[in-house]
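Those protein sequences? They're chains Z and H, same order as listed.
Count the first sequence with the numbering used here and you get residues 32 to 345, in order.
Count the second sequence with the numbering used here and you get residues 7 to 339, in order.
By construction, these hints were calculated from the structure, which means they are not laboratory data.
These figures come from a predicted structure and were not determined experimentally.
Backbone N, C-alpha and C fix where the C-beta goes; we use that ideal spot for every residue, glycine too.
Take these hints with a grain of salt, some might be off.
[As the list claims (entries may be wrong)] Quick list of simulated restraints, FRET-style, between CB atoms: (1) 286/Z <-> 271/H: 21 to 29 Å; (2) 93/Z <-> 60/H: 17 to 25 Å; (3) 34/H <-> 88/Z: 38 to 46 Å.
[Claimed, not checked] Heads up, incomplete: computed chain Z residues facing chain H, CB under 10 Å, no partners named: (4) 250; (5) 251; (6) 307.
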Amino acid sequence: MSDNPAIATFLDPKLVRDGLSRRKVLDQVFVIVGLLVMLVCLAILAVLFIDLVRDGSERFTWDFFTNFASRRAERAGILAAWVGTTLIMIVTAVCAVPVGVAAAIYLEEYAPKNWFTAIIEINVTNLAGVPSIVYGLLALGLFVYQFDLGQSIAAAGLTLALLILPIVIVATREAIRSVPNAIREAAYGLGATRWEVTKDHVLPYSTGGILTGMILGLSRAIGETAPIITIGALSFIAFLPESPFTSEFPFISFGWLNDPFTAMPIQMFNWVSRPDPAFQSNAAAAGAILLGMTLLMNGVAIWIRYRYRKKINW
Amino acid sequence: MKLRHTLGVLGAALFATMAISPVASAQAMVKMDGSSTVFPIAEAVAEEFQLSKRGKVRVTVGISGTGGGFKQFCRGETDISNASRPILKEEMEACRKAGVRYTELPVAFDALTVVVNPKNTWVKSLTIADLRKMWEPSAQGRVVRWNQVRPEWPAEPLALFGPGADSGTFDYFTEAVNGKSKASRGDFAASEDDNVIVQGVESNRNALGYFGYAYYVENKERVRAVPIVNQAGKPVAPSIEAVIDGSYEPMSRPLFIYVSEAAAKRPEVRELIEFYLTEGPALAQEVGYVPLPDDAYRLALKHFQDKKLGTVFGGTPEVGVTIDDLLAREGKL
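Turn these sequences into a full structure, and let the hints guide you.
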C-alpha cells in the first residue's frame with residue numbers, strides 16, 4: 032500500500048467497486064434518456080402519419096392515383112402531381128449527384144490545402160443553410176428567363192438540384208473521409224494513380240455513405256414547395272407530360288423536360304386552402320402518400336447500402 | 007467497370023438535360039394564371055372544357071395572385087389572367103410597353119362576408135362606419151373592446167381576423183371600409199389561408215373576421231354572417247339574390263378575366279372564352295360564387311367577339327360598381 036492517500040483511495044477495492052457501480056448507473060440513465068428522446072421523435076412521426084392516414088382514409092383508392100385534379104373533392108386525384116414529382120426527382124438526381132460527388136472527390140482527394148480551397152469549403156457549408164426560397168428566386172432569373180427553360184420540369188429539377196447540391200457534397204465528403212488512409216497508401220505503394228485509387232478503392236468503399244447523402248438530399252427536395260412555386264409550378268393541370276418512351280427510334284424522348292408541371296406539395300397546399308372541407312381529406316391523403324414516397328426512397332437507399340456493405344472486405 | 011458504366015449513363019443523361027432545346031408542344035394549350043380567388047371558377051371551367059374537347063386542348067391554371075398573374079400576362083407568358091380586382095395603372099403601363107392588349111371580362115361576383123362566432127348574441131348588423139371604427143389604421147392598439155365600437159355592446163375583447171396584405175380580398179375590403187386600398191390596422195390575426203380565419207372565428211366568441219363568400223357557404227354551421235347596412239340604410243345579409251339585385255353593397259365585387267388580344271386569335275382560346283361565358287354561370291355557383299345576370303354574360307361575350315379592348319376602370323380601384331354600369335362603359339388600354 033502506498034503512503035500517498037490519494038493513491039490509497041484509488042486502490043481501495045471497496046471504493047473502486049462503489050465508484051464503478053455509480054458510473055454504471057449513470058451509464059444506464061443515459062441509455063434510458065437517449066431511448067426516450069428517440070421514441071419521442073418516432074412517436075411524433077407516427078402520430079403525424081396515423082393522423083394523415085386516418086383523415087385521408089376514404090381517399091386511398093386506385094382512382095386517387097389515376098385521376099387529375101378536379102373541383103369535386105371525391106373525383107379529384109393526384110395523377111399530375113405524383114408524375115410531376117417523380118420526373119422532377121429524376122432530373123434533380125441526374126443533375127445533382129454526379130456534380131456533387133465529383134466536387135466532393137475533388138475537394139477530398141485532389142484539392143491542395145490552401146486558402147482557395149478553404150473558401151470553397153466554407154461556401155459549400157454555408158450554401159446548405161440558404162433558405163430554399165432564395166434558390167427559387169435565383170432559378171427564376173437564371174433557368175426560367177436566362178436559359179429560357181420556361182416553367183418546365185427541367186427548370187424545377189435544376190432548381191432542386193442546386194438546392195441539394197451542398198447536402199450531397201457534404202455527405203459525400205464525410206463518406207470519402209471514412210475510408211482508412213491505409214487503403215489509399217497501399218494502393219499508391221503499388222503504383223496506382225490518384226484516379227485509380229479513387230475509382231477502384233475510395234468510391235466503392237464510400238458508396239453507402241454517398242447514397243445516404245443523395246437520399247437525404249432528395250428527401251428534402253421532394254417536399255420543397257417554395258422554390259417550385261416561385262419558378263411557376265401550376266395548380267391545375269389535367270394532362271401528363273410527354274411520355275419518355277416512344278414507339279419510333281430512338282425510343283426515348285426528352286420532350287417531357289419542357290412540359291409544365293405540378294407537384295405533390297403544391298397540390299396539397301392548394302387543397303388545404305380550399306373552402307370545401309371535403310378537400311381536407313384529399314390533402315391528408317396526398318400528405319400520407321408524399322410521406323410514403325419519402326420512406327420508400329429511404330428504404331431503397333438502406334437496401335442498396337446494405338448490399339454494398341456486404342461487398343466490402345478490407 | 008460497372009462504376010464507369012454508371013457514370014457514363016449519368017453523364018449522357020446530364021448532357022441530354024442541358025442540351026435539350028425548347029420544343030413547341032404539338033397540342034393546343036391555353037395558359038391561365040392569376041388570382042387564387044378566381045381559381046376555383048377557372049379550375050372548374052378548365053376541367054369541363056377539356057372534357058368537352060375530349061383532351062384535344064390542354065388548359066393549365068396557376069395561382070400567382072392577381073398581381074403576379076398580371077406580371078406574367080404583360081410579359082406575354084399567359085393567355086388569360088384571372089383577377090379579383092381590375093388591372094392597375096402600373097400594370098396597364100407594363101402591358102402597353104410590351105404591346106400586350108387585352109379584353110376585360112367580368113365572370114362572376116364575390117360577396118365579401120363579415121362573420122362572427124355563432125355564440126355572439128349582440129351583433130345584429132354592422133354599418134360601414136362600425137367596420138371602419140374596428141379596422142381603420144388609427145384603431146390600432148386603441149379599439150380593443152366591442153363597446154368601443156358601439157356603447158351598447160359588451161366590454162369584451164375584440165379579436166379580429168382577416169386575410170394577409172397580398173390578397174385582393176384585403177385590397178377590396180380596405181378600399182370599401184377605410185376608403186383607401188391597403189389602409190388597415192395591422193394588429194389583427196392575418197392569414198393567406200381563409201380556412202385559418204374560419205377556425206379563428208369559430209373558436210373565439212369575441213372574434214370577427216372577413217373573407218370571400220365561398221368560404222362562408224362551406225362553413226355556415228361554424229360561423230355566422232353579419233348583415234351589412236347598405237347605402238339605402240337597410241341591413242342585408244350576403245346571399246346570391248342580394249348580390250344579383252345589387253342590395254348587398256358595397257361588399258360585393260366583380261371578378262374578372264383578362265384575355266390577351268394575340269391569344270384571342272387562336273381558335274382554342276376563343277372556344278374556351280365562349281365556353282367560359284356560357285357554362286361559367288352554373289360552374290361559378292357550384293364552387294360558391296355568385297353568377298352575373300344572364301344579360302351580363304351575353305353582353306360580355308359580345309364585347310369579346312367585337313374585340314372590345316381595354317379596362318373600364320382606368321387603373322384605379324373602385325367600390326360598388328354595378329354590373330350594368332361596368333358593361334356600358336368604354337374600355338381604355
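Here is what the structure says about each hint:
{"no.": "1", "hint": "286/Z <-> 271/H: 21 to 29 Å", "verdict": "holds, 26 Å"}
{"no.": "2", "hint": "93/Z <-> 60/H: 17 to 25 Å", "verdict": "holds, 23 Å"}
{"no.": "3", "hint": "34/H <-> 88/Z: 38 to 46 Å", "verdict": "holds, 39 Å"}
{"no.": "4", "hint": "250", "verdict": "violated, 20 Å"}
{"no.": "5", "hint": "251", "verdict": "violated, 20 Å"}
{"no.": "6", "hint": "307", "verdict": "holds, 5 Å"}
The structure fails to meet hints 4, 5 from the earlier list, while all remaining hints are met.
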